[in-house]
Amino acid sequence: MSAAITQNQPVLELRDVKVTFGSGRSAATVLKGVNASIHAGKTLGIVGESGSGKSTMAKAVVGLVKPSDGVISFSGRDVTKMSGAEHRRMRRAVQMVPQDPYSSLNPRRTIGQTLAEAIDPLRANPKEHSEKISYWLSTIRLDPEVAERYPHEFSGGQRQRIAIARALAVQPKLIIADEITSALDLSVQAEILNLIGRLRKELDLTMAFISHDLDVVHHVSDEILVLFHGEVVEHGDVDAVYGNPQHPYTRHLIDSVPGGPGFDIGERRVAVV
Amino acid sequence: MAETARPRRRFRWTSGLIVGIVMMSVMILTALLAPLFLSEAAEKLTPQASQGPSAEHWLGTDDFGRDVLARSLVATRLTLLMTAATTAIAVIAGIAIGTAVWLAPRRIRAAVLRVIEAAVAYPSLIFSLLIAAILGQGTWSAVLAISIASIPAFARLTANMAASISQRNYVSTARLLGVSGPHIITRHLLPNMAEPLLVLTATVFATTLIDLSSLSFIGLGVQNPEYDFGRLLNEALVNIYSQPLQAVMPSIMITITGLSAMLIGDGLAAATDPRGGRKFGSLRKASEIPASMRADSEALVEVDNLTVSTPSGVPLVKGVSLSIHAGEVVGLVGESGSGKSLTAMSIAGLLPEELGVSAKTMRLGELNLLKKNNPRTLATSIGLVYQDPGTSFNPALRIGSQLTEVSRVHLGQSRTTAFGRMVKALADIRITQPEKRMKQHPHELSGGMLQRAMIASTLVTDPRLIIADEPTTALDVTVQADVLRQFRTINREMGTAMLFISHDIGVVQALCDKVIVMNGGKILERLTGEELAAGKVKHPYTKALLAATPSIAERKAELVTVSAKDFALDEVFDDASAAAGGDGTNGTGTKETAK
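Heads up: the sequence lines are chains A and B, in that order. Going by numbering that gives the first Met the number 0, 141 is the number at position 142 of the first sequence; the sequence numbering is gapless. Going by numbering that gives the first Met the number 0, 536 is the number at position 537 of the second sequence; the sequence numbering is gapless.
Hints in this document: simulated from the structure, not taken from any laboratory. Errors might be hidden in some of the hints.
[Stated by the list, open to error] Simulated pairs of lysine-lysine, DSS-like, Cα-Cα distance not exceeding 30 Å:
#1 K521(B) / K41(A)
#2 K555(B) / K200(A)
#3 K172(A) / K200(A)
#4 K555(B) / K370(B)
[Unchecked claim] Derived CB-CB ranges, DEER-like:
#5 H409(B) / P106(A): 40 to 46 Å
#6 E225(B) / P106(A): 34 to 40 Å
#7 P247(A) / H409(B): 53 to 59 Å
#8 F20(A) / L258(B): 49 to 55 Å
#9 K438(B) / D263(A): 33 to 39 Å
#10 D236(A) / P181(B): 54 to 60 Å
We treat Cβ as the ideally placed atom computed from N, Cα and C, and that holds for glycine.
Using the sequences provided together with the hints, build the complete structure.
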C-alpha cells in the first residue's frame, strides 16, 4: 500500500515501519513495514487480534520501542532521527491512555496531584494548577472537588475518565487510546465511548483508537486500519471497510462479530425438551 | 459524584503487634532511664567482686564488683543506638542503591544487580567480620561493618520492588508526561513500597542486633570500658561456670529486643496484608423458603430460591430460581457484580468456603447439590470451562497429563486408556495433531487451542451439564466464533445441557436457547435467545443494556449509559412459563413484584 500524500500534512505518519525484536536466528519481526497516517481532528481505529502488532505499533509511536526501519513523523518531522533533547520535547506531544484503569493511577497520589503532574511535570503542585485541574475535571464531567481524593475512592469508569483527563491536560497533538474500554463493564464502556465522542467534537481531538472490539472501533472511528501478523491488510474509511471489506481477513474478522450480519455458528439443536 | 468503590483499609491491630510494641517501648524506656540512675552501680569498681545473687545485687556482681543487672540495663542504650544506626545506614543506603539501579541504563543496571546478588549470596556475618577486621576494633567500625554487610540484601529487595512497580501503568505514563527520574522515584516508586519496606526494616533491626552482639561477643565490636549486650556476654564467658547468672541477663535482653522487633515486623506485615483477618462462615444449607413456581421438577437442573451471602450477612445472590432442561443452553447475562458467576459456581459447588449458600432446592438430576457431594460424582457430572485458558493450565505440566486428570483420578482409567480417549476427543473438536499436542506444554499452544482442549477434556467424562464461565472473553474474535461453533456442535450432537455465563449480549443471543438477565443478585428478565436477538425485551434494564452496546450493524449517535440505580430492581419481568414450560414464547409480560 502506498502512503497517500495529501496536501494537508498528517499529524502522524508511519512509512514502512518495521519493528524487530531480538537478533540473528531468534529475531521476530512484529511489524513488517506498516504505513499509516492520522490527520488533525480524525480518529483512526486500529483493529487486529492478539499478535497482530497493534500494541507494538502504539509503543513505536510513543517511543517505547525503536523501529528497526522506516519513518515515524509528527507534523512532518521524523522522530526516529531526532536528538535526545528534541525527542524529550516531542515526548509530550503524544499521550497514551492505558488499558487498565486500576494500575494507571498511582494509589498514593490524589487526583489533583496526578493531574498537576501532567500539567507541569517539574512543579506538580496541585494548588498552583488548581484552575486547570478544575477545568480538566469538568471536561470529563467530574466535580472539581474530587481533586482532593485518592484513586481507590473511584469506580473503574471514573478512573478511566481521570486517565483520559490526565492525557488531555498535557494538550498533546495525538492521543493513543490502547484498549481503554476492554476492562470495563458494558454500561461503563458506553459512558467512556460517549465521553470520547463528545471530546472529539468539543476539543477536535486527533486520536488513534486501538481495540480488538470491532463494534467499539466502528462506533468511534473515522478511518480504520486492520492489522494482521504485523501487516496492514486494509486501511480506509470506516463505513467503506465495514460495508465492503476488500481483504478476506477483514471479511473473516467482521463475520466473526457475534450479532453481526455475517455471524454464523451453525444450526441450533432442533428440539428442546 | 464519586462513589466509594473500595473503602480504605483500616489498620488492624494484632495481638502480636501490640505485644511487640509494648516490649519495644519498655526497652526504649530502659535505654533512656537506666543510664541516668544506674550508671554508678554499673560502672563503679567495688571490692565486692564475683558475688552471687543477694538482696543488694539481684543477679550478683562481676569480677570487678559491678552490679550485673545494672550493667545489663545500662547496656541497653548503647545496644539500641548501635542497632538503630546500623539499621538506618543499611536501609537508607539500600533504598538509594536499589532505586538508583532502576534508573540506570540497562547494561549498568544488569551489572550492578549481578554484583548485589553475588554480595547477597555471601554470608553477611563473614562479610562483616572481614570489614571489621579491615576497619579495626571499635564501636563504630562494628556499626559500619554490619551496615555495609546488610546493604546488599536491602538493595536487592528494593530493586525488585522498584522493578515490579515500574511495570505499572502510572510509571510508564509519568515517563510519557516527561517526569524526571528522581521525581518518578519520590512520587511513584517510594510511596508505593513504603509498607513492605517498613516491615523489612523491623526484620533487619532484629538481625542487625544479633550480628552486632556477635561482633562484640568475639571481641571485634565494642571495647572496654564501653559495653553493650555482646560485650557483657563476652565478659560473662570467662566466668560461665563460676558465675552463670552473668550471662543470663544480656541474653534475655537480646532475646526481648530481637523478639519485639520481629513481632512488630510480623504485625505490620499482617496489618498491611489486605487478605488477612478473614473469618469463615457457614456452609451451604437448605432454606425454609417455600418452593417458588419458578423451579421445575421435570428439569435436569433445578435451582429454587438460591441465596449467597458474605460472612457478614450481606446478600450477593438474592433468591435466584432457574431450571435447565436436558439438551438446553441457558445463558446468564449481567455486568460485574450481578451475581451471575456466583450463581453458576454455587451449582458447581466451587464457591469459597466463607460464603453462605442456601436454597430450597438445588439439584442436578438426582444429585442434591446442597449436600457435600463426593468430589468424584461432582467432577464427572459437571464439566467446567473457565475464562482464561492461559491461567487455568499449569505451565509446568504437559497438556496430556492435565487433560486426563479427571479420567485417571476420578474414573480410575489407566494412563493409556485415558490418553487414547483424550486424543480422540481432541480430534473430535478438530485439533490438529492431537497426539503431539498432548505431549506439549501449555505455552506451546495458542489461547484458542487451549480453550478447545479444555472443552474437549470436560467432554470425555460425559458430563450431564457443562458450566462455562465467560469462556470466550479472553479470546480473539475469530477464535471466539470458532469456540462458540464448538459449543453449538457439542450441544446439537451430544445433547449436553449448558449453563453459559457471559457479559456479552451478542455472544449469548447467538448461542443460548434461553437467556436470564441478572443484576444486583436478582433475575430481572427471562427470555429466549431469539427474542433477545430480535430486540423483543421487556425489562427497561435489558433494553438499556442493548442500547448501551455499540454495534457494527448500526452506528448509534449516543449510547445510552446504564446505571443500575436508575432501575427499580424489584420490578421483575419474570415470566413463569419461560422457566417452567421451556417454550417461553408467550410474551404476556407478567409483572411481578418481588419482596
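Evaluated hints:
Between K521(B) and K41(A) the CA atoms are separated by roughly 43 Å; this puts the pair beyond 30 Å, and the hint is violated. Of the pairs offered as hints, the one joining K555(B) and K200(A) holds, with about 15 Å between alpha carbons and a cut-off of 30 Å not exceeded. Taken as a hint, the K172(A) and K200(A) pair is honoured in the structure, with Cα atoms around 15 Å apart against an allowance of 30 Å. Note on K555(B) and K370(B): the hinted pairing is violated, with a Cα-Cα distance of about 49 Å set against a maximum of 30 Å.
The hint said 40 to 46 Å for the Cβ distance between H409(B) and P106(A), and at roughly 44 Å that hint holds. Distance hint check: the CB atoms of E225(B) and P106(A) are about 46 Å apart, inconsistent with the given range 34 to 40 Å. For the pair P247(A) and H409(B), the beta carbons lie near 45 Å from each other, so the given range of 53 to 59 Å is not met. Between F20(A) and L258(B) the CB atoms are about 52 Å apart, so this pair conforms to the stated range of 49 to 55 Å.
For the pair K438(B) and D263(A), the beta carbons lie near 34 Å from each other, so the given range of 33 to 39 Å is met. For D236(A) paired with P181(B), a C-beta distance near 47 Å fails the hint of 54 to 60 Å.
Violation of the numbered hints given earlier is confined to hints 1, 4, 6, 7 and 10; the remaining hints are satisfied by the structure.
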